[in-house]
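Since chain A is already given, all that's left is putting chain B on it; use the hints.
One letter stands for each residue in the lines below.
2 protein chains.
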Amino acid sequence: MSNESLNCSVAIALDFLGDSWSFLILRDFMVFGGTRRFEQLREGLGISRNVLTERLKTLLDQEIIRKQPVEEGGRRMLYKLSRKGWDLIPILAGMNQWCLRYRPDPINSAFEFIDAEYRKEIDVVTVRSQDGRVLGPPDIRVVPRNDAARGYFQKFATPGKTAVAET
Amino acid sequence: MSNESLNCSVAIALDFLGDSWSFLILRDFMVFGGTRRFEQLREGLGISRNVLTERLKTLLDQEIIRKQPVEEGGRRMLYKLSRKGWDLIPILAGMNQWCLRYRPDPINSAFEFIDAEYRKEIDVVTVRSQDGRVLGPPDIRVVPRNDAARGYFQKFATPGKTAVAET
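Quick mapping for you: the protein sequence lines, in order, are chains A and B. Under numbering that gives the first Met the number 0, the first residue of the first sequence is numbered 0, with each subsequent residue one higher. Under numbering that gives the first Met the number 0, the first residue of the second sequence is numbered 0, with each subsequent residue one higher.
If we strip away everything but chain A, and leave its shape as in the complex, we get (with noise of 0.2 Å):
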């Protein structure tokens, strides 16, 4: 059983969350209420005209951001988050109160994700049920959807033990 047969989803995910770069670049969008222009995520990330013109290709290659021109008829770009690039925000701000739980040090700490209208820190991004209730690790199992991941489940079970989340 190959990886490549297993492939799953988050594996694609990170092709361009596990860039840094392509990560500065997004939070850069969030930070900025999604549009920004070619100059000021250059000049703001410090990140250099190839590198940046490369990383804003793979980003509008999977429809995370668009373009359009500043001025109708003009050359000079907006770049805009779409709805694709915003429903990222869990992840990353998942991502945050992680690091923030497990690595408090003051470099870890530069944004946070709030509720814009009472400007209170978001709650803790956490799993549920489809009734609302809050799933912790034991509650939650993560099972096979297709064949080869079913058999690959079978193959490779540990003989006599449940799967089943021990913290």
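To be clear, the hints were calculated from the coordinates, so they are not data collected in a lab. Please note: incorrect hints may appear among the correct ones.
It does not matter which identical chain is meant; a pair holds if it fits inside one copy or across any two.
Stated by the list, open to error - Think about it this way: if two alpha-carbon atoms lie no more than 20 Å apart in a straight line, the pair counts; the simulated EDC-like pairs of lysine to aspartate or glutamate are: (1) K83 / D138; (2) K154 / E71; (3) K119 / D138; (4) K79 / D138.
What follows is chain B alone, placed relative to chain A:
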């Protein structure tokens, strides 16, 4: 303002999450209830001994997993996901859902996260306010938490534009 002085917690989390082997190892722990032996991981993932040893070392150094002998005094080792490791579940579940929503190809759907008691898919991982309201992108802001980040925020904000999500 350099990348480093704005170093974000999330970028640090990506040190290991961004590596696809580390991710697959982590997922394997979750699929199989948090406990794996070296040979199970190696055989299941089809990973070389060297690469597996190195990735496990990183995860041990990060205290995302712990190790203990299979039998007291024995040489064979068990690896167990720590609380810190289990606390990555909301992030991984969020990534999994994001990918299933936006790239629903079959290869993308190997595993899913379920509520162990009711055997149902978990709810969509969302951001909530501290009083429990679900917050969409326009209700969330990413704001500076320290002076360096505040300076960055002021210097690079688009004049006349408030930082509100437009979706």
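Outcome of the hint check:
1. K83 / D138: Only across copies: K83 and D138 sit 16 Å apart there, 29 Å inside one copy, limit 20 Å.
2. K154 / E71: neither (59 Å within a copy, 27 Å between copies)
3. K119 / D138: Cα proximity of K119 and D138: across copies only (11 Å, versus 29 Å in one copy).
4. K79 / D138: between (38 Å within a copy, 17 Å between copies)
Checked against the numbered hints given earlier, this structure breaks only hint 2.
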